[in-house]
Amino acid sequence: MTRTALTRRHLLGAAAATGLAGALPRSPRAAVPDVVLCNWGGDAVPAFTQAFVGPYEKATGGKLIIDPSGPSNGKVRAMVEAHHVTWDLCDSGVSGIGELGPRGLLEPIDYSIVDKSKILPAFGYEFGVVNYMFSSVLAWDTKVVTTRPSPADFFDLKKFPGKRMIRKDSQAMLELALIADGVPMDKLYPLDVDRALRKIGAIKSEILFWDTGAQSQTLLRSGEVSMGWLWNTRANLLKRDTKGRIDWSFAGGLLQPGLWTVPKGNPAGKQAMVAIAAMQAPAGQIDLLRAMGNGPANPAAAPPGDLTDIDPGSPANLAVQAKIDAAWYQAHGSEALKAFLDVISS
Amino acid sequence: MGGGGRASFLLLVAPALLLTLAFYFVPLAQVLWISVTEPNPGLENYALLATSASIGRMLLTTARICVATTMVTLLLGYCVAFALTRATPSLRRVMMIGVLLPLWVSVLVRSFAWMTLLRREGLINDALLASGLIQQPLALIWNELGVVIGMVHIMLPYAILPMAVQMRQIDPALTAAARGMGASGFGAFYRVFLPLSLPGLLGAGVLVFIFSLGFYVTPVLLGGGRTLMIAEYISIQIVEVLRWGTGTMLATTLILAIFALLAMLSRAIDLRGLFGAK
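As they're listed, the protein sequences go chains A and B.
Each residue of the first sequence is one higher than the one before, counting from 1 in the numbering used here.
Each residue of the second sequence is one higher than the one before, counting from 347 in the numbering used here.
Note that these hints are calculated values from the structure, not bench results.
This one's a predicted model, so the numbers in the text were calculated from it and none came from an experiment.
The C-beta atom is built at its ideal place from N, Cα and C for all residues, glycine as well.
One or more hints might be untrue.
[As the list claims (entries may be wrong)] Just some of the chain B residues that point at chain A, by a computed CB distance under 8 Å:
#: 1; residue: L389
#: 2; residue: E390
#: 3; residue: L446
#: 4; residue: R465
#: 5; residue: V566
#: 6; residue: G570
#: 7; residue: I601
[Stated by the list, open to error] Once the Cα atoms are required to be at most 20 Å apart in a straight line, the calculated DMTMM-like pairs of lysine to aspartate or glutamate come out as:
#: 8; chain 1: A; residue 1: K264; chain 2: A; residue 2: E81
#: 9; chain 1: A; residue 1: K143; chain 2: B; residue 2: D472
#: 10; chain 1: A; residue 1: K338; chain 2: B; residue 2: E390
#: 11; chain 1: A; residue 1: K243; chain 2: A; residue 2: D194
#: 12; chain 1: A; residue 1: K204; chain 2: B; residue 2: E490
#: 13; chain 1: A; residue 1: K239; chain 2: A; residue 2: D306
#: 14; chain 1: A; residue 1: K204; chain 2: A; residue 2: D194
#: 15; chain 1: A; residue 1: K159; chain 2: A; residue 2: D115
#: 16; chain 1: A; residue 1: K264; chain 2: A; residue 2: D110
#: 17; chain 1: A; residue 1: K158; chain 2: A; residue 2: D181
#: 18; chain 1: A; residue 1: K338; chain 2: A; residue 2: E81
#: 19; chain 1: A; residue 1: K158; chain 2: A; residue 2: E81
#: 20; chain 1: A; residue 1: K338; chain 2: A; residue 2: D192
#: 21; chain 1: A; residue 1: K204; chain 2: A; residue 2: D181
#: 22; chain 1: A; residue 1: K75; chain 2: A; residue 2: D192
#: 23; chain 1: A; residue 1: K264; chain 2: B; residue 2: E390
#: 24; chain 1: A; residue 1: K338; chain 2: B; residue 2: E384
#: 25; chain 1: A; residue 1: K338; chain 2: B; residue 2: E467
#: 26; chain 1: A; residue 1: K75; chain 2: B; residue 2: E586
#: 27; chain 1: A; residue 1: K75; chain 2: A; residue 2: E107
#: 28; chain 1: A; residue 1: K264; chain 2: A; residue 2: D67
#: 29; chain 1: A; residue 1: K75; chain 2: B; residue 2: E384
#: 30; chain 1: A; residue 1: K143; chain 2: B; residue 2: E467
#: 31; chain 1: A; residue 1: K116; chain 2: A; residue 2: E126
#: 32; chain 1: A; residue 1: K63; chain 2: A; residue 2: E81
#: 33; chain 1: A; residue 1: K116; chain 2: A; residue 2: D325
#: 34; chain 1: A; residue 1: K187; chain 2: A; residue 2: E57
Given the sequences, and given the hints that come with them, work out the whole structure.
Written as structure tokens, this is what we have:
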């Protein structure tokens, strides 16, 4: 890529981010490389298309293509090491930057194009920048759990009988266990992994572990479990589908960022950063909240009243949740996962 | 076979052979290579087999589930195979459809079907509770029992078919002769038919055990998350935490174990006959 091309894109990106792209002379379409965005498929494909593809194409004249094949860490590593990268943007997260970043498999986020003032400062990292917010929350079956449970009630099998459900992953589950055990939400990190695992280990024969979001919905909906920790997006769908039989709350939850990452040597180069900048516009992020329950990353996004209740990043919901610390995961993530799997499978 | 025949035979085999080399053995060699080079050159990944408590436990879980699956599958499969050989040709055709039909249903769908049947408020527990036979729902799923049930169901055709083929090669006159010489029905079966059918039983057993080792979807879906077997463990190493050295080491170990089992099997019985190559 030539130096001049880079400068022009850079300018376009800044223009797109400020909503001025229409005022600049439009470059011929072919000059803007296509950007391929890899996400996890399912409902996220139409939702991302509506929220991001149209606005990006209008703002930059480029093309944004969604590949729903799932940008797992292993696939990104294989692609980068084979020098055959086909993705420009990945819908990744804290474990993505934690495992891939230190191995040199990601491009650093270019904050001269991506606007740091349009995110919460805590969620702009070297190798990833927040694209939406989600939370790990407590949900319960009101047939069994007849009063609003506290975080500690999750481990009280006498007060609320029935099996429990947590994600088969250490991330967020360790935090929620510590919160239930009485650790103040602002003093979670560095995580006391042993304490969290003792807490979970004590009732593990009563816990079912979910792998996919769909599984977490099934287990609660079918009455297999009476309480569970799952994503706010799924909890929200469950409440709607069961007409309130399954209820949930952000209280004592953990706020986590979904992150855009850019694989090292991505085909569209800096245009990936331009696309990230374009997707920082509030309107698309509110569309995504409406469609999926993923919270806007841009604090300036003001969702209409009926959506603020389900917005993980709204000030009221932010106040009752802990925030994840990505730096801790970078240093301890894979060890914590191993210890977690050891405890649940022994 | 003459010289010309052999050349044309090689020509016919060559495309498949080249494809296998390029798309199977080359990547396999890479897997082996990564297992001895990452993160450092040497056998440190293989040392984990002896030193890592989590890997040891996972291997034990895998072995326990595979042995249980193989035993139950052989027991049930032997009965079906025996019935198949004794059935009239028209009944045998119907039975064969019953055996083969599940093969065309995806493992995923079958796992979900088992969930519907086995879960706490599932059909079986509901029926048992309603009939008053039990007071509390049975823990039929989300544990190793659920995994074994699901795996046995998937493995049954692979046990029945080779056993049935082998049993049909046993001359029915032999058991008839045993009866004629005064053996009871069970005696004739136990002392004549069973020993003759052992090669099929053994072959099916090794086949089922080898297939069981690689199970991924069924333990993940029916094990409630606590049943960690080798395939899922490898996947976590490769896909999530990027410890490719550990993941490829386990994959290589798995392949070596399978080759060892096949080698043992081939010493005991005629593999070509069992798999219908003769």
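Hints, one by one, checked against the model:
Contact between B:L389 and chain A, as hinted, is not supported at the beta carbon level, the nearest pair being about 21 Å apart and thus beyond 8 Å. Among the interface hints, the one on B:E390 is violated; its C-beta lies about 16 Å from the nearest C-beta in chain A, farther than the 8 Å criterion. Because the beta carbon of B:L446 sits about 30 Å from the nearest beta carbon in chain A, more than 8 Å, this interface hint is broken. Because the closest C-beta pair between B:R465 and chain A is about 6 Å apart, less than 8 Å, the hint holds.
Annotation: interface hint on B:V566 holds; nearest CB of chain A at approximately 6 Å, less than 8 Å. About 5 Å separates the beta-carbon of B:G570 from the nearest beta-carbon of chain A, less than 8 Å, and the hint is met. Hint status for B:I601: violated, given a least beta-carbon distance of 19 Å to chain A, over 8 Å. With a C-alpha separation of about 9 Å, the suggested pairing of A:K264 with A:E81 holds against the 20 Å cut-off.
With a C-alpha separation of about 18 Å, the suggested pair A:K143 and B:D472 falls inside the 20 Å cut-off, and the hint holds. Straight-line distance between C-alpha atoms of A:K338 and B:E390 comes to about 18 Å, which keeps the hinted pair within the 20 Å bound. With a C-alpha separation of about 39 Å, the suggested pair A:K243 and A:D194 falls outside the 20 Å cut-off, and the hint is violated. Straight-line distance between C-alpha atoms of A:K204 and B:E490 comes to about 15 Å, which keeps the hinted pair within the 20 Å bound.
Pair hint A:K239 plus A:D306 holds up; C-alpha atoms about 15 Å apart against a cutoff of 20 Å. Simply put, A:K204 and A:D194 have alpha-carbon atoms about 15 Å apart, close enough for the 20 Å limit, and the pair holds. At most 20 Å may separate the alpha-carbon atoms for a hinted pair to count; A:K159 and A:D115 exceed this at roughly 48 Å. Pair hint A:K264 plus A:D110 holds up; C-alpha atoms about 13 Å apart against a cutoff of 20 Å.
Among the hinted pairs, A:K158 with A:D181 is consistent with the structure: their alpha-carbon atoms are about 16 Å apart, no more than 20 Å. Restraint check: the Cα-Cα separation between A:K338 and A:E81 comes to about 25 Å, which exceeds 20 Å; the hinted pair is violated. For the hint linking A:K158 to A:E81, the alpha-carbon distance of about 52 Å lies beyond 20 Å, and the restraint is violated. Pair hint A:K338 plus A:D192 holds up; C-alpha atoms about 15 Å apart against a cutoff of 20 Å.
A distance of roughly 15 Å separates the Cα atoms of A:K204 and A:D181; the hinted pair therefore holds under the 20 Å criterion. At most 20 Å may separate the alpha-carbon atoms for a hinted pair to count; A:K75 and A:D192 exceed this at roughly 31 Å. Distance restraint check for A:K264 and B:E390: the Cα-Cα separation of roughly 29 Å exceeds the 20 Å cut-off, and the hinted pair is therefore not satisfied. Note on A:K338 and B:E384: the hinted pairing holds, with a Cα-Cα distance of about 18 Å set against a maximum of 20 Å.
The hinted pair formed by A:K338 and B:E467 fails the criterion: a straight-line CA distance of about 33 Å is larger than 20 Å. For the given pair, A:K75 sits about 10 Å from B:E586 by alpha-carbon distance, which is consistent with the 20 Å threshold. The suggested pairing of A:K75 with A:E107 holds, with an alpha-carbon distance near 16 Å, which does not exceed 20 Å. Distance check on the hinted pair: A:K264 and A:D67 sit about 18 Å apart at the alpha-carbon level, within 20 Å; holds.
This hinted pair checks out: A:K75 and B:E384 have alpha carbons roughly 17 Å apart, not beyond 20 Å. A threshold of 20 Å between alpha carbons decides the hint, and for A:K143 with B:E467 the separation of about 14 Å falls inside it, so the pair holds. The suggested pairing of A:K116 with A:E126 holds, with an alpha-carbon distance near 12 Å, which does not exceed 20 Å. Between A:K63 and A:E81 the alpha-carbon distance is near 26 Å, which puts this suggested pair outside the 20 Å criterion.
Proposed proximity of A:K116 and A:D325 is supported: the alpha carbons are some 18 Å apart, at most 20 Å. Restraint check: the Cα-Cα separation between A:K187 and A:E57 comes to about 43 Å, which exceeds 20 Å; the hinted pair is violated.
Hint check: violations occur at hints 1, 2, 3, 7, 11, 15, 18, 19, 22, 23, 25, 32, 34; the rest are consistent with the structure.
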